[in-house]
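Work out the full structure: start from the sequences and follow the hints.
Residue numbers (the working numbering): 24 to 357.
The hints are simulated quantities; they were obtained by calculation from the structure and are not laboratory data.
Quick reminder that beta carbons are idealized off the backbone N, C-alpha and C, glycines included.
Check the hints yourself; a few may be wrong.
List of simulated lysine to any residue pairs, SDA-like, C-alpha gap at most 25 Å [as the list claims (entries may be wrong)]:
#, residue 1, residue 2
1, K225, P302
2, K223, P302
3, K298, G321
4, K73, I94
5, K223, G277
6, K256, R221
7, K28, R61
8, K72, W116
9, K256, F227
10, K256, G321
11, K268, G308
12, K73, E109
13, K72, N87
Quick list of the computed label-pair ranges, beta carbon to beta carbon [to be verified]:
#, residue 1, residue 2, range
14, N259, L294, 20 to 28 Å
15, R230, I103, 51 to 59 Å
16, Q290, N134, 24 to 32 Å
17, G60, S82, 29 to 37 Å
18, L132, T255, 39 to 47 Å
19, V130, N87, 52 to 60 Å
20, P306, N134, 32 to 40 Å
21, K73, W107, 24 to 32 Å
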Amino acid sequence: MRPEKPTEFQVHHMCFDLAFGSATEDQRKRFEMAGVGRLEIERRVQVIKKSMAYIDLVSQIAPNPSTLDLIAYESFPTRIQRRWYETSILLRWAIPSTLAMSIGLFVVLTNPQWFPWLSLDPQVTLSEVEIAEVKRSDVIAGTSDNNEESTDSANQESIQIAAREETHPAPAPESAEIEGPVIAAKPEQIKATTPPVRPKPKGFVYRAHMNTSEVNEVATLISNRIVALGGTKAGNVELGWEQPKGRYFHFSVGAEHYDEIFNFLQQFGTLRISKDPHPRVMPEGQIRWILWLEWAAGAQQRASDVAAPNQPPIEAEPQEDTNSQIMKEEEASE
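Printed below as a string of structure tokens:
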């Protein structure tokens, strides 16, 4: 019966044994009977012997010291990279995190105009601080005056009592009478200090201005949008108050709709907006808007010509200046 064919690993192992002289002839015959050719075994044995001889020759070569130094040389970037990966993982995370936070803090401190939400309105803040300082100085001045008056009165009483003790006569017989006024100490008068007056809170208004050639159409869209967002008029006139030069909007709406209104108005033209102080403070969560929608240059005349092309010109009645009317309306709303 023919033996089972050996695996490649077994053949390779047997060839190494033959090359080193540890394999027997019986093992070789058994491999030949299993189907491994004799020539193939001898070829592999010769390759292994030549390889071992080459390794012996290479091991006898003496290396050059300069070559060893060149092999052992480590460049500065490589040395830094090796030391970086030899440090702990915690330190490798802490260094870039600290660097990123430092850069972010430096950018915020050197460019506050890029982060307007980190600071309050400059005008409102300055006025509040000024009022608080004036009131505080008055209180301090009043307290110091009271302390000076109390100190002066106490000093005068001490002088009077001391003078009475010094001028007191020597003990006299029982029958002698003592004449002279008796000076009584005046009770100290404590004046209550005036409590500091807190500055009155102030409100603000978003004042916007826009020019457009289609004032009436845009005013209708804006009025509908304000009503849809739950806004109401804040002054004494209706939304979109019509004036000779445009439309006037004075309304209040929820603070959460600021971005929505801002983006809605921008689609009709260039929007100029500012945040100004206002004497009235809105309820929590509400903001005040004043929008002036003005006709673009020449657009109002063209719209009038299109509306009535064949009618003769009508002399316009004298009207009050638009800015004066708006100022009166705002004063009435205050």
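To see whether the hints hold, each was checked on the structure:
| no. | hint | in the structure |
| --- | --- | --- |
| 1 | K225 <-> P302 | 6 Å, holds |
| 2 | K223 <-> P302 | 10 Å, holds |
| 3 | K298 <-> G321 | 29 Å, violated |
| 4 | K73 <-> I94 | 28 Å, violated |
| 5 | K223 <-> G277 | 23 Å, holds |
| 6 | K256 <-> R221 | 31 Å, violated |
| 7 | K28 <-> R61 | 14 Å, holds |
| 8 | K72 <-> W116 | 54 Å, violated |
| 9 | K256 <-> F227 | 16 Å, holds |
| 10 | K256 <-> G321 | 30 Å, violated |
| 11 | K268 <-> G308 | 33 Å, violated |
| 12 | K73 <-> E109 | 42 Å, violated |
| 13 | K72 <-> N87 | 28 Å, violated |
| 14 | N259 <-> L294: 20 to 28 Å | 25 Å, holds |
| 15 | R230 <-> I103: 51 to 59 Å | 58 Å, holds |
| 16 | Q290 <-> N134: 24 to 32 Å | 30 Å, holds |
| 17 | G60 <-> S82: 29 to 37 Å | 33 Å, holds |
| 18 | L132 <-> T255: 39 to 47 Å | 42 Å, holds |
| 19 | V130 <-> N87: 52 to 60 Å | 55 Å, holds |
| 20 | P306 <-> N134: 32 to 40 Å | 34 Å, holds |
| 21 | K73 <-> W107: 24 to 32 Å | 45 Å, violated |
Checked against the numbered hints given earlier, the structure breaks hints 3, 4, 6, 8, 10, 11, 12, 13 and 21 and satisfies all the rest.
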